[in-house]
Amino acid sequence: MIGIINYRAGNLQNLQNALTYLGATSTLLDQPGDLANYSKLILPGVGAFGHAMANLKHYGFIRPIRRAAQENKTLLGICLGMQLLFDFSDEDGGHPGLGLIPGKVTRFDHEGLKIPHMGWNNANFTDSADPLVSDLRPTPWFYFVHSYACHPANPQNQLGVTEYGEPFCSIVKRNSLYGVQFHPEKSQADGLALLHNFIRLEV
Amino acid sequence: MLAKRIIPCLDIKTGRVVKGVNFLGLKDAGDPLELAKKYNEQSADELVFLDITATNEKRATVLDLASRLAKELFIPFTIGGGISTKKQIHEIITAGADKVSLNTAALNRPELISEGAAQFGSQAIVVAIDVKESSPGSWSVFTHSGTRDTGIKAEEWAQEVARRGAGEILLTSMDRDGAQKGFALEITKRISSQVSIPVIASGGAGSLESFAQAVLQGQADAVLAASVFHYGTFHIRQVKEYMASRGIPVRL
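Going down the list, the sequences are from chains A and B. FYI, the numbering for the first sequence is 1 to 203, going by this note's numbering. FYI, the numbering for the second sequence is 1001 to 1252, going by this note's numbering.
No lab work stands behind these hints, which were simulated from the structure alone. A couple of the hints might just be wrong.
Claimed, not checked - Computed cross-link-like contacts, BS3-like style, restricted to lysine-lysine with a CA-CA straight-line distance of at most 27 angstroms: (1) A:Lys57 <-> A:Lys40; (2) A:Lys40 <-> B:Lys1071; (3) B:Lys1019 <-> A:Lys114; (4) A:Lys104 <-> A:Lys57; (5) B:Lys1071 <-> B:Lys1087; (6) B:Lys1071 <-> B:Lys1019; (7) A:Lys114 <-> B:Lys1013; (8) B:Lys1086 <-> B:Lys1013; (9) A:Lys73 <-> A:Lys114.
These figures come from a predicted structure and were not determined experimentally.
Just chain A, same shape as in the assembly:
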């Protein structure tokens, strides 16, 4: 059973559709106390970083998410949900994140580059044996929509790298925490394969 942390940031129906399609049961977690009952969590997110952190705080999710990380629960951050795992984002004048993965989130800043980075791009794995990405094809395609990108302080936390003007971390891993910058629920076969791996991860 997968718990999706519902801090009222965006539509979660498509994520649930994909999990259902893959045969997994998922529940939207509306209360901070709900997290304790789940060993596998998803932190979704679209929109602005500062707004999302404010919502996580407002609904009381920050402490239970940190506790889940300490207890080595399996957690997958998706899109903005990945960025929130880091220390800090430059977005809108700068906001601290959950601080669960050392590093920061910065805006794409290259002359002539269209922002947001929107569409299908490849990810290259630094460890193709990792259970989240094992049995995916070597350079899969994923669907991205974002203007800011994650840069882990520790290169060992980088599981997937994507190129857009510069290389950035598209899949992050630290202990039992994962984050993906793309939308696996919108990335057709490659995205579904990754979600399927997440569903099968042993906890």
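Position chain B against the provided structure of chain A, taking the given hints into account.
Chain B only, in chain A's frame:
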């Protein structure tokens, strides 16, 4: 490397896919869900559904379609046609669409773009711009299926929608739509080079080379087509393989 996208477009009328030439003479082209699934298997990068007869009754049909699509297709899709309020945007996104496409309503009330972007994110707001070459070398924005000239310069409107927070521009050349004689490369290139958001070229898909030219000459970020896919002139994968052979990054 970011791929250039191929986007089949399905015009929906009373629950069926239709296609005409220069927005006239509509022909039945099949069931939307079946076609969508077929395009998904052919490696379409996204899908666009335009509800061309958008009355209230048919709106419910489109919401139902969006929700069924979202359960079976795991690629992004856009719904457009007659959307004029934030409430409608909300309903369509909630039903499962990733993006809405705004057209006439954005011209009537440009604030709808900024309000939509603020509430749902720029990525959810596509602005469709229908243009015609009104005098040699000058394109203006048209409404009412290409019959009414607003007198607004295409480039100016494109810059304004980008400034207001649109996530993408769907640029349709009304002169070329359905004619299969190639895209309007000059205006596509002008707009693409003047705005910082992606531009989808639409109207005129014909030969395989026309797709490549939309990207190479027109500098489009994505190419949209309908008839050549509906009537089976080309398989989407065939178009992508051709583009790849011309050095264009595509998802295969």
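The hints, checked one at a time:
1. A:Lys57 <-> A:Lys40: Answer holds: A:Lys57 to A:Lys40 is near 21 angstroms, not above 27 angstroms.
2. A:Lys40 <-> B:Lys1071: holds, 23 angstroms
3. B:Lys1019 <-> A:Lys114: violated, 32 angstroms
4. A:Lys104 <-> A:Lys57: Holds - the C-alpha atoms of A:Lys57 and A:Lys104 are around 20 angstroms apart, at most 27 angstroms.
5. B:Lys1071 <-> B:Lys1087: holds, 22 angstroms
6. B:Lys1071 <-> B:Lys1019: holds, 26 angstroms
7. A:Lys114 <-> B:Lys1013: violated, 34 angstroms
8. B:Lys1086 <-> B:Lys1013: The hint holds at about 23 angstroms.
9. A:Lys73 <-> A:Lys114: violated, 37 angstroms
The structure fails to meet hints 3, 7, 9 from the earlier list, while all remaining hints are met.
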